[in-house]
Structures are given as structure tokens and as C-alpha cells.
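Undergrad: Reading the sequence shown from the start, the letters are residues 1 to 191 in the numbering used here.
Derived by calculation from the structure, the hints in this document are not laboratory data.
Hints should not be assumed to be uniformly reliable.
[Stated by the list, open to error] Here are the computed distance ranges between Cβ atoms for each label pair: (1) Arg127 / Glu99: 52 to 60 Å; (2) Lys40 / Ile93: 50 to 58 Å; (3) His48 / His88: 25 to 33 Å; (4) Phe105 / Pro75: 30 to 38 Å.
In this text, all values refer to a predicted model and were calculated from it rather than measured experimentally.
Quick reminder that beta carbons are idealized off the backbone N, C-alpha and C, glycines included.
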Amino acid sequence: MVVGGTDTSSNTIEFAMAEMMHNPETMKRVQEELEVVVGKDNMVEESHIHKLSYLQAVMKETLSETTIVGGYTIPKGSRVFVNVWAIHRDPSIWKKPLEFNSIRFLDANLDFSGNDFNYFPFGSGRRICAGISMAERTVLHFLATLVHLFDWTIPQGEKLEVSEKFGIVLKKKIPLVSIPTPRLSNPDLYK
Numbered sequence: 001m002v003v004g005g006t007d008t009s010s011n012t013i014e015f016a017m018a019e020m021m022h023n024p025e026t027m028k029r030v031q032e033e034l035e036v037v038v039g040k041d042n043m044v045e046e047s048h049i050h051k052l053s054y055l056q057a058v059m060k061e062t063l064s065e066t067t068i069v070g071g072y073t074i075p076k077g078s079r080v081f082v083n084v085w086a087i088h089r090d091p092s093i094w095k096k097p098l099e100f101n102s103i104r105f106l107d108a109n110l111d112f113s114g115n116d117f118n119y120f121p122f123g124s125g126r127r128i129c130a131g132i133s134m135a136e137r138t139v140l141h142f143l144a145t146l147v148h149l150f151d152w153t154i155p156q157g158e159k160l161e162v163s164e165k166f167g168i169v170l171k172k173k174i175p176l177v178s179i180p181t182p183r184l185s186n187p188d189l190y191k
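The whole structure should be built from the sequences, with the hints applied where relevant.
TA: Okay, structure coming up:
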């Protein structure tokens with residue numbers, strides 16, 4: 001799951017398993033192929049992978065399956081871009097949407113489940129990020145630790161740049177460079 005935060009591999013595995021469970025004949029055929037190629041009493045090794053042609057076909061089908069979204073058929077091979085940035089900054093939904101204002105979420109009944117289409121940073125539907133729970137806990141823990149242990153400043157003469165760079169995921173255009181200063185008096189906490 002750790003890799004799932006930076007790579008879509010864990011999502012692909014999860015969806016392939018779901019599709020095989022939804023289509024038991026596919027699962028059975030993959031198992032039969034594994035029995036022939038690997039054997040019942042052996043572990044799968046890297047050398048077996050190129051011989052598992054049906055399993056490779058299952059993976060490809062998982063990544064390219066036709067689906068229906070909101071009544072629209074999205075054919076295999078289509079590229080769909082949901083402009084989450086615009087949705088999260090829609091002035092008809094959010095007060096002062098371009099301002100950083102974490103207070104707006106204190107009274108809002110929003111979560112990361114993807115069910116509220118006003119806020120879905122981890123996606124939605126069948127292809128929602130499988131690591132939402134882990135991501136939420138990890139990010140919150142990491143941020144809490146950093147903010148609790150250190151005061152943070154920008155290097156002298158530098159300007160905090162907050163512009164974004166689009167890609168598979170939204171990134172900062174210029175990576176953050178900051179200086180931590182211990183803020184707690186117990187030095188054992190920093191060992």
C-alpha cells in the first residue's frame with residue numbers, strides 16, 4: 001500500500017482482483033494457468049511471469065475496461081480528465097474558494113469517500129484511490145509530527161512559491177525548501 005501512494009500498482013491489483021471475483025470463470029482460468037506454469041507446490045517467481053499470458057490479459061483488461069459514468073459510455077482506451085481543481089474552487093459551492101481557509105472544513109460534513117462531488121481529492125466511484133484511509137492517517141500523522149516538533153521558516157532571501165504543476169498528480173511547480181527549528185525542550189524527542 002505504501003507504493004500505492006506514488007504508483008497506481010496497488011489500485012490495479014485491487015481492481016483486477018475485484019473483476020476476477022466478479023467473474024469467477026476468469027479467476028478459475030488464471031488459477032489453472034498458474035497450476036500449469038508454476039505448479040501447485042511452488043511459489044510464483046519472477047521467471048514465471050512472462051509465461052502467464054492469460055494473467056497478463058486480465059491485467060490489461062482491468063486497465064482498459066469500458067465503463068459507464070453518469071449515463072455516458074467511456075470506451076476502452078479513452079482518457080478522461082476530471083478537473084478536480086476547478087470543482088474544489090467553485091465559487092457557487094465554496095466561500096472565497098481561492099483563499100487557503102482550513103476553517104471551512106471544521107463544520108462541513110465532508111470526508112474522502114468520493115460520495116460528495118463537491119470534494120473528492122482521492123477520486124470517486126469504482127476507481128477511487130484504494131489507499132484513502134492509509135493516506136489520511138499517514139498525512140495527518142506526518143503533518144502533526146512536523147508541526148509539533150519544529151517551527152518552520154523559508155531560507156533568507158527566498159520567496160514561498162505556491163504555484164502548481166499539472167501531471168498525473170498535481171505537484172508544486174517549485175519544491176518546498178524550508179528550515180526546521182526544534183521547538184520542544186526535550187532533546188530526547190529528536191533522537
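Undergrad: For each hint, tell me whether it holds in the structure or not.
TA: Against the structure, the hints come out as follows:
no.	hint	verdict
1	Arg127 / Glu99: 52 to 60 Å	31 Å, violated
2	Lys40 / Ile93: 50 to 58 Å	56 Å, holds
3	His48 / His88: 25 to 33 Å	44 Å, violated
4	Phe105 / Pro75: 30 to 38 Å	37 Å, holds
Violated hints, in rising order: 1, 3; the structure is consistent with all others.
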